[in-house]
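Novice: Could you slot chains B, C and D onto chain A? The hints should help.
Chains as they are written, first to last, in our numbering: chain A, 61 to 722; chain B, 153 to 299; chain C, 56 to 318; chain D, 251 to 378.
There may be inaccurate statements among the hints.
Unchecked claim - DEER-style ranges, computed between Cβ atoms:
no.: 1; chain 1: B; residue 1: M205; chain 2: A; residue 2: T137; range: 54 to 64 Å
no.: 2; chain 1: A; residue 1: T73; chain 2: B; residue 2: D277; range: 52 to 62 Å
no.: 3; chain 1: D; residue 1: D304; chain 2: A; residue 2: D327; range: 53 to 63 Å
no.: 4; chain 1: A; residue 1: H515; chain 2: C; residue 2: G85; range: 52 to 62 Å
no.: 5; chain 1: A; residue 1: H379; chain 2: C; residue 2: A167; range: 48 to 58 Å
no.: 6; chain 1: B; residue 1: Q269; chain 2: A; residue 2: M61; range: 35 to 45 Å
Honestly, the hints are just simulated from the structure, not real lab data. Here a beta-carbon is modelled for each residue, glycine too, at the ideal position from N, C-alpha and C.
Each chain is listed here by its residues.
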Amino acid sequence: MQRIGVFVCHCGTNIAATVDVKKVAETLLQEPGVVYATDYQYMCSEAGQNMIKDAIKAQNLTGVVICSCSPRMHEATFRKAVAAVGMNPYMLEVANIREQCSWIHKNIEEATEKAIILGRAAVAKVHLNAPLIAGQTPVTKRALVIGGGIAGIQCALDIADAGYQVDIVEKEPTVGGKMTKIDKTFPTLDCSSCILTPKMVDVAQNENIKIYSYSEVESVKGFVGNFTVGIKRKARYVKEDICTGCGLCTEKCPQKKVPNDYNLGLDTKRAIYIPFAQAVPKVATIDADYCTMLKTGKCGVCSKICTAGAIDYTQQDEHLEEQYGAIVVATGYNPIKLDAFDEFAYSQSPDVVTSLEFERLMSASGPNGGHLVRPSDHKEPKTIVFVQCVGSRSTVECGKPYCSKICCMYTCKHAMLCREKYPDTEVYVFYIDVRTPGKNYDEFYRRAVEEYDVHYIKGMVGKVCPEGDKLKVQASDLLTNEQLHIDADMVVLAAAIEADKSARPLATLLTASMDTNDFFTEAHAKLRPVESPTAGVFLAGCAQGPKDIPETVTQAGACASKVIGLLAKDHLVGNPCVAHSDEMMCNGCSTCANVCPYGAITYETKDFSRRKDGTLMRRVASVNPAVCQGCGCCTVACPSGAMDLYGFSTKQIMSEVDAICK
Amino acid sequence: MQVEEKEFKPTIVAFCCNWCSYAGADLSGTNRLQYPANVKIIRIPCSCRLNPMFILRAFQRGADGVILCGCHPGDCHYTTGNYYARRRMTLLFSMLDFLGIEKERTRVEWVSAAEGQKFAETMNDFVATVTKLGENHRLEDLRCKKQ
Amino acid sequence: MVYSYYPGCTLKSKAVDLDMGARKAAEALGITMVEIPEWQCCGGVYPMAKDEVATKLSSVRALEYAKEQGQDLLTLCSACHHVLKRVNNDMANDAEIRDKVNRYMALEEPYAGETKVIHYLEMLRDVVGFDKIKEAVKNPLTDRKIGAFYGCLLLRPSKTMQFDNPENPSIIEDFITALGATPVKYPLRNECCGGYITMENKDLAKAKVANIVNSAKDAGCDALITACPLCMYNLTQNNDAADLPVYYFTELLCEALGIGKED
Amino acid sequence: MDNMEISKEIQRISGVNPRKCMRCGKCSGTCPAYDQMEYHPHQFVNLALSGKIDKLMESKSIYTCLSCFACVERCPRGVEPANIIEAVRLWKIRQQNQNHLVADQIPAMLDEEIPQQALVSAFRKYKK
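Okay, chain A solo, but in the shape it has when bound:
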């Protein structure tokens, strides 16, 4: 039998004005197990807390009920107080007689009765409380960043800067991501490479950072502070530690007709290649789909020419396992495929390009060295039509229901750059809305209109027809209420952006949740925007939703600070109110594991025979308290009643129900 003390707070007059606190204390003293009951002006005050402490010692209390304000307010305060005199903090319950009683009722009699009932329910619960001790787990002081774009790079640099080790896993042969493909950045128009490549170099030279390029995450085990991650290093057929990146092989390889991914297939590369001059690591990679040697066994030019002897045609995929305390997801985005948008003739004319392709066409490192010409006939375009929201804000099957966020600004940038470099070009931008919230963003847009004379037209292009060497653009101008027919030389489509295809399988590996658009869900949309609901998994960049470079960098920094906060701890103290399974009742059906959003439940086959001789083996559930967040979904799903939740056990809640309905 517990020895329970009840403490009723007046909260000045907040409670005492409508609740007869004396009567509450007196009545609750009659409850079985209650050996002490009192009331006081302000229980949360120093004196009030001392009163509780003294009573625990004097009365030898084993449990405490505080009738006061909401537990959301002072539960932690009171728990600390009882813990100070050696009582387990989870032996305390708070009856909410302020927010949920005195403040909402006027009739003293009614309110007092309700307060007594709420107090009774709390007493009934305390009777079933058991001391809980929060578990501790050690933290592996190393972070994994998945994705080596600007989000991953920034996050890794910030974590490394705080003195922790970081590994970057990047699926491409080089880090840098989409930003390497971008020519200029809005709203300052500084060159993307110029601001990115120094960071890439920093990443390569930082001794706390290790880059696994051309690699993928293939398995994730463990939980916050203790992840074990399997990494596949894809065979690049070049020894990374020996290759000097001289690039000779990439000039001599006889297989010249390999679509160049870096330029989005707008030109070709060799079968052995270094993606671009500033690649990190600057190491050649053989494209196995095109290499004659790998396909037919005949050629070997690169091997002969390589003075370092770095080529290794027999290289195999390598699989390794590493330990991490935290994982950052920075898998980024891709423009959607435009196959389903053939009204814009994307697949019918090479002169209809996506904005990212246009970026390459404008870039000094692009296929034409930055001289803007049409892909079809290499003539300078004189009329360019930009179409915004291609696939964005679209609720039909082929589109994306969200705003891709970056298109308004980059289209504006493209339009402006066209007019600046080629002043005799007519530039039209068809928009539904121009969305430019951001520092100096709207000013940037207005400059395009006012200073660069870009024709912004509210309306949408309905159809693009390639006819002769022109692209016939049919569109509406909603403000003048006209249908426009423009003979364009190029059409640039602002394709919606979507989460990278690798994100969905990765989310499954991480048991991190995603929304219907395959963007990772944050733990709280406003207050925990860089954490995944899965403890120890953090989000940076477009993996979480469309965002531009400044926002991505901001988020990556925030993400790093969260990771540092985690890695700075030697141990993690868990929430002790977690689920636990009664092995004797569990029938190993997996129902609980299926409903668990965190993957906290695993199964083990245990020997239940008395002599432990393996004659009675059963599969039983086991909850990892470090991963369980204590929602209790499994406790209800469990068909045999084996699952229960500490702090909110079935019996405790039942006893509260009983107390209330009595």
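Specialist: Just chains B, C and D now, kept in the frame of chain A:
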């Protein structure tokens, strides 16, 4: 002999999710929005912690109505808990209906931490509905009857 | 393969060429077309309104007949195909329309869109196979540059019609290739010819036709082929210049297969 | 019936929820009959929403729509403007003496080659 008719005050149990509705109830308190005293709130970590047994127990012990408040769909603190709760309650409520406990005596309502107003309105409405239905005797365990 | 065949009004009169050609070619390709007895006109326009039920009944009768026969329903005229396919889609997916129609029809077993509606061209592509047609061709139409005119009704709305890529279709081009001719893709091949308003607004119809014909000629077409009698009428009668021959696709099919008009 | 009631009826008949429209104007950008229309597809959607159906019913635009479904096909929000146009047309011609086409007019429109389909569909579209 005339029996003085006592005003019927139903016993209502409200299960509230710690992250949203419980805070919503606190907010309606902070804003001094009144609702009847016969509503007693039990705090649970998530609407998915609500075992159907708790509701059966409540009716057995003489409750006249039971309401579950959770986070709005899509807003669950634990990502998916409220979807499970919604499915479970749909099944339970239709079974209770079959057993003669009117559908109006049970309810699931989504109340966020910011919806103090909605919490009070919901409770007022629910109490009024249950009051109209009168006492519940179905499932009641006579041994638990109030003297 | 045996199909229930729905010819429709125009194929029995003004577009006999389309109908006869299709029948003869089918015979040559081992396809049996059984004309539905006492078929009723589909109405020529799909009634979009949700509260239009009576206007959908004739289509349902044909669909229901094919269901009873256990056959797919084969169509030839673009408009009939459009109407039948969309009504069938309503019967399968729109509970309100399905219930109303079934109550009205009082069938022994309610109809719920079970019949598969297939266009002759789809049949050639998916059942016979264009490669088989290529093998069966006796007089390849070598050196002829032919443009496909799709129009609207076969392609749109693509969600229901599921005919081909609505913006960049290729089925008729593949058909032309199979016959040994050279398909010419021109931009306006899926543009509306204005057929529905040809009686109401001649000028608009003519303007639309002129655009299409010019687009086809610019791309180098010697002739156009179509599956729609209304497009046929419009492209020939409303083309004042009369400078681009238009054929039904079945006419060329017969020619390539070596089937004469008299056979 | 007042305009807002008619507007609701139009939405019921067409099965279209004009609120889904985000006013991008793609329907009007795609319409092949645009230049002959007084009110354009996007305006049909907006006017049906705001209850100004009377303007549409008096306009020749309702008979100019070619029913080519290009607007339906390309609308990024799945609004189906053509269905609205049809519903407005039906609302008009379902009233007494409002048939747009009467049988007496037909002979003048005929020529040797005109297919039956043209007649049938004209009646279906313009007459009740």
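Novice: Hint by hint, note whether the structure agrees.
Specialist: Hints, one by one, checked against the model:
A C-beta distance of roughly 33 Å is found between B:M205 and A:T137, which places it outside the suggested range of 54 to 64 Å. For A:T73 and B:D277, the hinted distance range of 52 to 62 Å is not satisfied, since their beta carbons lie about 30 Å from each other. The hinted range of 53 to 63 Å is satisfied by D:D304 and A:D327, whose Cβ atoms lie roughly 59 Å apart. For A:H515 and C:G85, the hinted distance range of 52 to 62 Å is satisfied, since their beta carbons lie about 59 Å from each other.
Between A:H379 and C:A167, the C-beta spacing of about 53 Å keeps the proposed range 48 to 58 Å intact. B:Q269 and A:M61 have their C-beta atoms about 44 Å apart, which keeps the hinted 35 to 45 Å range intact.
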